[in-house]
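Please model the entire structure based on the sequences and the hints provided.
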Amino acid sequence: MNAPASPVLDIRNLTKKFGEFTALDNLTLSLRRGQILGFIGPNGAGKTTTIKILVGAMRPTSGTATIAGADCVRDAWRIKRLVGYMPDSFGAYDNMRVREYLDFFGAAFGIPRGARSKRIDEVLETTGSGWMQDRYVEALSHGMKQRIGVARTLLHDPEMLILDEPANGLDPQARIEMRDLLLKLAGMGKTLIVTSHILPELSRICDVVAIITQGKLRAFGTLDQIMRDLRQKRTFEIQLCGPAQVEAAAAAVREALPVDEREGVKAHATESLVRFDTAKNDTELAAILAALVGRRIDVSQFREIPKDLEDAFLSVTRREAPAA
Amino acid sequence: MIPVLRREFLGILRSPRALAALLAAAVAFSLLILARWPAGGIVDLSGTGSRGAFLVFAAALLGGVLLLVPAFPASSIVRERNQGTLLLLFNSPIPPIGIYAGKFLGVLAFAGLVLCTTLPAAAAVYAMGGVDPWRQIALLYAVILVVAILSIAIGLLVSTRATSPDAAVRITYGLVFAVAFLTLCPHALTRGTSGLFATIADWLRRLSPLPVVMHLVGQGGAVGGGLLEKDSGVWQFLAGGLGLAAVLAVATILQLDHRLFDRSRDAGKITDDRSLWVRIVRRLVFLVDPQRRKAGIPFYLNPIMVKEFRTRRFGRFHWLLRLAAGCAVVSLLMTLAATNGTMDWGVETIGGLLVILQIALVVLLTPSLAAGLIASERERGGWSLLRSTTLPGWRIATGKLTSVAWTMLLVLAATLPGYLVMTTIKPTMWNQVMLALVSVLLAVAMTLALSAAIGAFHSRTAAATVTVYVVLMILYLGPLVIWAFRGDPFGEQVVRWALSITPLGAALSVIGMPGFTQYELIPIAWRIAGAICVASLIVYALQVWRLLRPE
Ligand SMILES: Nc1ncnc2c1ncn2[C@@H]1O[C@H](COP(=O)(O)OP(=O)(O)O)[C@@H](O)[C@H]1O
Ligand SMILES: [Mg+2]
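First to last, the protein sequences are chains U and X.
By the numbering used here, the letter at position 235 of the first sequence is numbered 570, and the numbering carries on one by one without gaps.
By the numbering used here, the letter at position 94 of the second sequence is numbered 146, and the numbering carries on one by one without gaps.
Source of the hints: derived by calculation from the structure; they are not laboratory data.
Don't take each hint at face value.
With a straight-line Cα cutoff of 25 angstroms, these simulated DSS-like cross-link-like pairs (lysine-lysine) come out [stated by the list, open to error]:
1. U:K568 x U:K551
2. U:K568 x U:K615
3. X:K321 x X:K346
4. U:K453 x X:K478
5. U:K601 x U:K568
6. U:K551 x U:K519
7. X:K321 x U:K480
8. U:K480 x X:K346
9. U:K453 x U:K519
10. U:K453 x X:K321
11. U:K519 x U:K480
12. U:K551 x U:K352
Chain X regions said to be covered by chain U (calculated; three or more residues, Cβ under 8 angstroms) [said to hold, decoys possible]:
13. 349-359
14. 441-449
Where a beta carbon is used, it is the ideal one built from N, C-alpha and C, also for glycine.
Next comes the structure, spelled out in structure tokens:
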């Protein structure tokens, strides 16, 4: 998977304006074959806009995007073969059973009838939805519809799947199933772009994450990279042997920290804990520990609290929120 | 109730459709008066000129209300239910009767507003002289108001039962037009006879506003081959209309409860999985069973066309077969009735009725199938899926058109037996029948193209359906109204011109329908229909192309 190959997705300086409003601002990113890209940002960030440009439903104001060498503007025809696209709305038809629905889209992609029927069985099997093939599409529950939506994108066996908010509105169980399904698809060698406005929904399965807010790319890379980039401040916890020295320990930490970080030092007497956020590096942190020990404070543990992606996400979105 | 009323009224006022309706009413009625205003401003005391003006005014008023009003109540409840806001209303302290009253009065207020824009025209008609302000103008407004109330009551009842706004719109227009026009038919057939059926027919006739309005404008008996009689029945109509509206209102309010939301989803039981017994019965009843498992779409058929056939409720094969059977029976019965001499109609009249039956089917069915071809995809999110497939635009466009064209051709084919019997009785009519059939086919093409083109500019199926119906009703009924008033106030030339807009007049005239024979319409009406058809197809194609383009 880590074989250095030319990127299958290459977005360069992509900008989209609706009149005066800039929905997408100079977006640049790339993705290798077989990876899952988590495209994450709050509502209105510009995720759907990006995706619509990728599948050729919108024209960028400037910039380029290519998928497997096909330009998203000029090679719209090839893009359709290369990409399986699931929009954020399902697109149900009345009085149509799941199998007829898939048959229709298979026919729309020009799959011959014999091959199509076999292919429908395959995608139903892949998405674990064979049992609902005779149900009416409009009567399916939301989770079932999402599976059928994914099944539909798989019909013409595209190289890349672009799924807009596939886990949106699913219950926790269905969300786990959706994650498993996405992993399964990646295992089949598909490249996936999956958007979400909720970070933890996807954080665990993505190889690469792009965080976007207000049309701008805020962070891009593997989960670990992003964590490191975003985490200017780390959180530490000092576990003491008893509640008696909590205040003293807090005071010592405050002394060692710069003025703007002092406020963040919290003493928790009940848990015998002191917690603080700091941008200091490890050497400086060693000095703080030494100072504590020097004051005869009984430290049982001095540890960093691992932040999860959600905190990173919140810190990005908060940082970039409108200045108002 | 007040908040519901306010929201409903403002909601209507904010829609571009309503604005267009108001403007159209204001402009049309001003033009009407300008056109009829006596030259030199000299009032004609005998009032012959102003009677003509009053007649046109009344017809426009009735037509306007019948065309504009039903659309608003029809989509009102079902749309709110589908959007989920109806549930919110239910959970507010407003009782069902309050919700109903709010919606009812909201639409009525809008109808009142439209009527207000016609008041200057009414004043002008009065100023021309010869028209009684109370016994004619005021009563006319009362009748029109009752028509509006009845339309709203029908629309709201349909809206509580329908599953989608466009279905509600279709059914409501169908019912409103049935009340306005079809109620006259039994009476026309039983006129002069007595007995239970004749009495019922007479009662039915009183529900139609048409004879009443005709009577008010002083044309009773003179129009439509004596279809409408002298006996006014204004008060019966007012009382009957209000009574029916009240009954419908009660029925609607009784429907407004949890049942609106408590509908079980179709489990999708498939015939192939049922018992042998059920399978046999369904085979016999349906011939083409809609619940059977379908084979895949073959390569030689346009997938879009097959999809259209499969997804619509009406116009799937089992429906078409039933309709075809119904049409065949009706057309045969009519012909038989004529040959046995039970009705003293000539073969020409039967032919004319057949033509009218066919064109009525075309005008009623085509828009319901064609208006939403594009709009429904855009409304439900199918469009973005379609454009992400490799299906070329021209196949999408043609697949959608052919799905309707085939349906309509099948429906028309069902009415052919009637013509066959006709030509066996009177073989000399063969040529005329052929010409009439070509006219009807042109009507299909023109109606289909026009419906598809107009509908493609909407993103909501219900709105598309309403617009298309209004346009087609004006196009097809307008010339007939003008024809009905041939001589006074419309001159021969105007009638001829009006009749050539659609192929209906041409078909009636070649078949020899009494009253139409003096018009020579064939090349011109065909050319106009062809031109409209081609222009509409171009517009439709351009719009599909535009919608498929990236934004
Ligand atoms: N067709 C459009 N015209 C004008 N503004 C649009 C259009 N589509 C999206 N926007 C705006 O662009 C921004 C990004 O939208 P979108 O890409 O849909 O966000 P999301 O990340 O939630 O998918 C939003 O502020 C939205 O209002
Ligand atoms: Mg979105």
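Going through the hints against the structure:
For a cut-off of 25 angstroms, the pair hint linking U:K568 to U:K551 stands: about 22 angstroms separates their Cα positions. With a CA separation close to 8 angstroms, the supplied pair U:K568 and U:K615 stays within the 25 angstroms bound. Restraint check: the Cα-Cα separation between X:K321 and X:K346 comes to about 13 angstroms, which is no more than 25 angstroms; the hinted pair holds. At roughly 58 angstroms between alpha-carbon atoms, U:K453 and X:K478 are farther apart than 25 angstroms, so this suggested pair is violated.
Our distance criterion of 25 angstroms between C-alpha atoms is met by U:K601 and U:K568, whose separation comes to about 15 angstroms. For the suggested pair U:K551 and U:K519, the alpha carbons sit about 31 angstroms apart, so the restraint of at most 25 angstroms is broken. Our distance criterion of 25 angstroms between C-alpha atoms is met by X:K321 and U:K480, whose separation comes to about 18 angstroms. With a C-alpha separation of about 21 angstroms, the suggested pair U:K480 and X:K346 falls inside the 25 angstroms cut-off, and the hint holds.
A distance of roughly 20 angstroms separates the Cα atoms of U:K453 and U:K519; the hinted pair therefore holds under the 25 angstroms criterion. Of the supplied pair hints, the one linking U:K453 and X:K321 holds, its CA atoms being roughly 23 angstroms apart against a limit of 25 angstroms. Note on U:K519 and U:K480: the hinted pairing holds, with a Cα-Cα distance of about 18 angstroms set against a maximum of 25 angstroms. The suggested pairing of U:K551 with U:K352 holds, with an alpha-carbon distance near 13 angstroms, which does not exceed 25 angstroms.
Residue count for the region 349-359 of chain X with a Cβ under 8 angstroms from a Cβ of chain U: 7. That meets the three needed, and the coverage hint holds. Coverage of the region 441-449 of chain X by chain U holds in this model, with 3 residues showing a Cβ closer than 8 angstroms to a Cβ of that chain against a need of three.
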